[in-house]
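Protein chains: 4
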Amino acid sequence: MSNAVKKSGVKKVVLAYSGGLDTSAIIPWLKETYDDCEIVAFCADVGQGEEELVGLTEKALASGASECHIVDLKEEFVADYIYPTIATGAIYEGTYLLGTSMARPIIAKAQVEVARKVGADAVCHGCTGKGNDQVRFEGCFAALAPDLKVIAPWREWEMRSREDLLAYLAERNIKTSASATKIYSRDANAWHISHEGGELEDPWNEPSKGVWTMTVAPEDAPNEPEYVSLAIKNGRVTHVNDEALSPYAALMTLNDIAGKHGVGRIDITENRLVGMKSRGCYETPGGTVMFAGLRAIEELVLDKTSRTWREQIAGQMSHLVYDGRWFTPLCKSLIAASESLAESVNGDVVIKLYKGQATAVKKRSPNSLYSESFATFGEDDVYDQKHAEGFIRLYSLASRIRALNSK
Amino acid sequence: MSNAVKKSGVKKVVLAYSGGLDTSAIIPWLKETYDDCEIVAFCADVGQGEEELVGLTEKALASGASECHIVDLKEEFVADYIYPTIATGAIYEGTYLLGTSMARPIIAKAQVEVARKVGADAVCHGCTGKGNDQVRFEGCFAALAPDLKVIAPWREWEMRSREDLLAYLAERNIKTSASATKIYSRDANAWHISHEGGELEDPWNEPSKGVWTMTVAPEDAPNEPEYVSLAIKNGRVTHVNDEALSPYAALMTLNDIAGKHGVGRIDITENRLVGMKSRGCYETPGGTVMFAGLRAIEELVLDKTSRTWREQIAGQMSHLVYDGRWFTPLCKSLIAASESLAESVNGDVVIKLYKGQATAVKKRSPNSLYSESFATFGEDDVYDQKHAEGFIRLYSLASRIRALNSK
Amino acid sequence: MSNAVKKSGVKKVVLAYSGGLDTSAIIPWLKETYDDCEIVAFCADVGQGEEELVGLTEKALASGASECHIVDLKEEFVADYIYPTIATGAIYEGTYLLGTSMARPIIAKAQVEVARKVGADAVCHGCTGKGNDQVRFEGCFAALAPDLKVIAPWREWEMRSREDLLAYLAERNIKTSASATKIYSRDANAWHISHEGGELEDPWNEPSKGVWTMTVAPEDAPNEPEYVSLAIKNGRVTHVNDEALSPYAALMTLNDIAGKHGVGRIDITENRLVGMKSRGCYETPGGTVMFAGLRAIEELVLDKTSRTWREQIAGQMSHLVYDGRWFTPLCKSLIAASESLAESVNGDVVIKLYKGQATAVKKRSPNSLYSESFATFGEDDVYDQKHAEGFIRLYSLASRIRALNSK
Amino acid sequence: MSNAVKKSGVKKVVLAYSGGLDTSAIIPWLKETYDDCEIVAFCADVGQGEEELVGLTEKALASGASECHIVDLKEEFVADYIYPTIATGAIYEGTYLLGTSMARPIIAKAQVEVARKVGADAVCHGCTGKGNDQVRFEGCFAALAPDLKVIAPWREWEMRSREDLLAYLAERNIKTSASATKIYSRDANAWHISHEGGELEDPWNEPSKGVWTMTVAPEDAPNEPEYVSLAIKNGRVTHVNDEALSPYAALMTLNDIAGKHGVGRIDITENRLVGMKSRGCYETPGGTVMFAGLRAIEELVLDKTSRTWREQIAGQMSHLVYDGRWFTPLCKSLIAASESLAESVNGDVVIKLYKGQATAVKKRSPNSLYSESFATFGEDDVYDQKHAEGFIRLYSLASRIRALNSK
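Chains as they are written, first to last, in full-length UniProt numbering: chain A, 1 to 407; chain B, 1 to 407; chain C, 1 to 407; chain D, 1 to 407.
Everything hinted at is true.
Same chains, same names: a pair is fine if it fits in one copy or spans any two.
30 Å max Cα-Cα, derived DSSO-like pairs, lysine-lysine:
#1 209 / 260
#2 386 / 182
#3 362 / 352
#4 149 / 12
#5 260 / 352
#6 109 / 386
FYI, nobody ran anything at the bench for these hints, they're computed from the structure.
Chain A with its partners taken away, still in its complex shape (with noise of 0.2 Å):
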């Protein structure tokens, strides 16, 4: 590799970094396939966690980065990426909340400030040739700085494994933590934690303990539910457990307790947008526990057509995110639609978390739609049980005009 021929025309990349082996190795290699360009790394802080962080910056300059930029993006990340999306009801394949996926567009937009802030005229990232990130990050820069050149190395260079990249740097006397096993390929941010590799790659394996990290099992879990009380405002949580937070500290509150109650569990095998299918487990606590409280708000306050409505929504919104699409008119789109029905998605819910499971328990709205005097057995003066009948009659009079044609 290190001799390979010198490609001209990238004077400074903004390298999407991380500290890991991927990234350190990549900076060297920049260098000396890039006509010595000048490389800035650059970390998102999406609550990935402060370990990740510590030193980061140390890290990246002994590697060869001119500077190192760590931007706070926690707080945006929930509020103007997480939110619109978790309103929208969106679930990937049915089960995958889309961890990974809504914190790739606000990462991209922050590398793409930074090259700018810089002058650089090329992005760099990590992601593996097979995977969804790199058409993620990609899209985004296509619609952000389609004139900034797209490094991608993992499909550049002939490396294929973590034994490659500890030499590559062992030959140049970069130092790694790293080690040359790995069992699982993670990634962490303030929503969620994925997990994927090892003995995950059959299907027919069920997840080992080890592979989980932000939740306990369920069989370690207290023996004893917890209740936990959500405010809603416009589809929004305001209050956990009574308490006004902020977007990102009622997730961070909610991972906590849900996580001690083993909440957030998932283990699918998914199509990946690139055309085959992988398989992941994925840990939101959290997120379990706030999308619950969504849809518990909704039973109350969404119509039979608008709920119908928002499933498809949700249904278009969820390949969106995961397709890596947010920076697009169709996003735009869908979120003005849902941000919409979310008007009414105010009230309070309180789920139980027990064992692995989060169930809402009770709930109630300003906005419900539902009376218990309608919807029981006694007179009312809205619905008039007589109704029904031409009600019935007009609504199946398709059918029966056409079973009386066929007689």
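Following the hints, complete the assembly by docking chains B, C and D onto the known chain A.
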């Protein structure tokens, strides 16, 4: 009521009869109201339980019916109504597995068949005037027998409460074991039981323990998980724990196993077809396991576009079944679409049951599109990582052009 | 009818009044039936034509109304009801441009406003009991004024024919210019006119020449085509043939031009909301041109996924408008989604009118995604033909894997 | 090009051969590039016209092919590809009747069959690298023969223009009748002809007269309308003007009749699958009439929900066919759904052809749900106008409750 004007034009009525208080009162009421018409009691055995059928004929005759037909529909119910529905993935409003809804068309169809056999000119049901079931029954009658008169006593008579009904029977010296107080209104069949009324009428109340009948509380479930394996062929469960079972037997077996682990409880405030909301609690223990099993195999065999389409079929089917439109061309079309997709829904699943949860932990299929070698890091012949660049460029081309144009 | 029991509880009724035979008879009937209630006539001017408004107040007072309110809604109708609807692309059952449907909500809203102003306790309309309009009016009343009583004489009285109405009026010495025979039932506004009845009642009859009123027959249209240009901004027509025009004026201008060329006739057998089919002929000359103009700009500016989404909004909106659900959260959400997309629907279109056809022959847009250099043979920087291989490989990857597995 | 490195690994290639300039150049290029591989020319007769097939074998052999297979697919194309597609109602982006798209799968399938017969190890097509057809062909190859190598010369070689190709052939002394200038790029089959290029590359240009080949200009069409009758059975045309005709013969007959009246021209700027827009003009004379005929019968036989579902199938199918996903489970499912609905699409239609328009003016069906007596004013047994009140009350109940609650 008793001194109301006699209505004429009905000679023989087939009544959907359960032996409960309502339909017991309906028999004398029909005779008094409709000119001494003959009443043929009809009861569909859709797996609601032996105890509901014992002594039913005697009871019907004692109440004034001339005959009582009990028709065993258990296998047909599971094979021809439940399986086609769950293959589509239909869940009403995201939660309800359609237990009561799926039973209505088969009951209505059998009721019409009895009516034809005995030469009846009317059919009668005991559904209230505020619920969905009246629409479902009468929608099926319209499609199958538009010439039969439909009598819906709850929309005709003046009685409004259990007390009214008990007084009505007492007046006529008809014995009943029914008591004046019954907290919950319930409907059971092989697939599920529903509960409404009592404290459930306020969605701000958590359901009390006394609501549930088919499942233990998660808190009371075993502390050890249990694993159950399903073999699935063309979207239908053929074996449970390696034992070949008929559709009904498979469901019964799964009801037993899952009920012990508290699996299958839901609590929903839903939109009734008749325009109001109602709150119900449902238990579908075995069905929840079956449903999870089908979805798990689908994860392996359906590609991205097929799965998206399957979700659209599911959405349509959920409303169609809930709304009682079974005997329509739309239903045939949805089932044709779904059965075509289900041709590849073959394989084995292992489901873990624990404290209220059913989780598919192992899945495999001869039709699987998942391949470890394609999905993972290494090289393969089918997927060249360099292809990804071209894919991404074209996939994001519209975004790129839009961005370039707006400069 | 005249000796029916007086009904009480209504003191002042606002009647949607047209001056035709039906609503002329309704005035005395209301007074006789509802205990000498006061009748306030209300007429919405939605562009149905001056001739329908001349002398209307006198006629209403002569028939027994105490007041007559004529409200000019022409600009508001086009700006706030028609434009938001056609921006979505809504066409009912593939053909019907929703002319009558779009007018009902604005009329109902204005009628309620009059009712509030005059302190009425009821509203009344002259729609028949078999049509859609009763549902549309009353659906709007339910949303806007659930406290007002709704009176629908055609569902209450025993009269069934024009002869019955004429006799009723004659009995009361109320003069009318209506004749006993009227072949077609018509409804007109700025957007369209509908025709039903007469020979149209058999779909095996071709509509006769006498049906049509807003357009000439294509055979009688000029032998030379005419070109009309539209300037479009945010999905709304701002200029016709380079002249800035208000929404209503633009529509009137286009009605004139297109009507001369026989443009905008349709003939449809449609599904009414009330479950039966009906056959109608509609003329929408100017609207057809506007519609074609919007779609032409969309061809240039919407990408594949956005356009697909726009079609889904259109499908939803077509039913929502037809079914009279304008004043609902669903409608707001659909319009929010559509207006978001319409932000890029800007540009110019030239439409050729000839013998019944309106064809967009020239189109351009500042937001166009079309680029000659990208689409054609030669090289460009944005699209490298070699990218296509990668795209195709990934795009067809699931098919490839399926085929390889099934060997 | 001629001195490029020989590629190996291909012994025998089946080339989709038209006899035009491109595929004439491909034959020598393949031999030179792929190590003197054997070339089997293959031409699918999908109704593109006799003149395109005359002398084709001689030409192929003269260019260096070892064999030439011309396969008659005309009846199969109409019966098994066109009819299933138009039964769904699929129209791409609201306008395009999918003429080229529908032909690709049947051609690819026959090409693979020839490849199997002659023992080829590769297939080759002459599609450009910017179009849809490369994706369609290769998508089908991936599904049917993932083991065959696919060669796409336009993505491999350096030639970019007709001049390049002519020079290439001249250098090798291969004669061609092709000229250096060809204004439009065209693709023809029994269903349609497409035109691209020339002045069409600017959507602000009206297509000139010279573009069109299958239809006369509306201005040049007869001044008298012509009526054509279709008998339709299960969504397929069985008779034209009372004559029983095979699928292909029916289409040819309708092409003749409709072409004379200028029917079936469209002009669209569409989204290509590969992410860019292109502008094309298409002529589908007979198909436009068939399409109108099917939709006319559907107006009579599909109820509201079935028709809505049919539109969803259409939307899906339009993208699937355009995108070349014919040989997929999704396609089978869509066709199964559509054919189920088409069971009632039976009847007769009379279509008026005049100056570019095809209008269904008479329609009848044994499965019609339309009934004059139900739809009109008078009384009937099936529909009691008083039923409407109940229907409306329940239909608008959610709106009423929402309004009452928001007071």
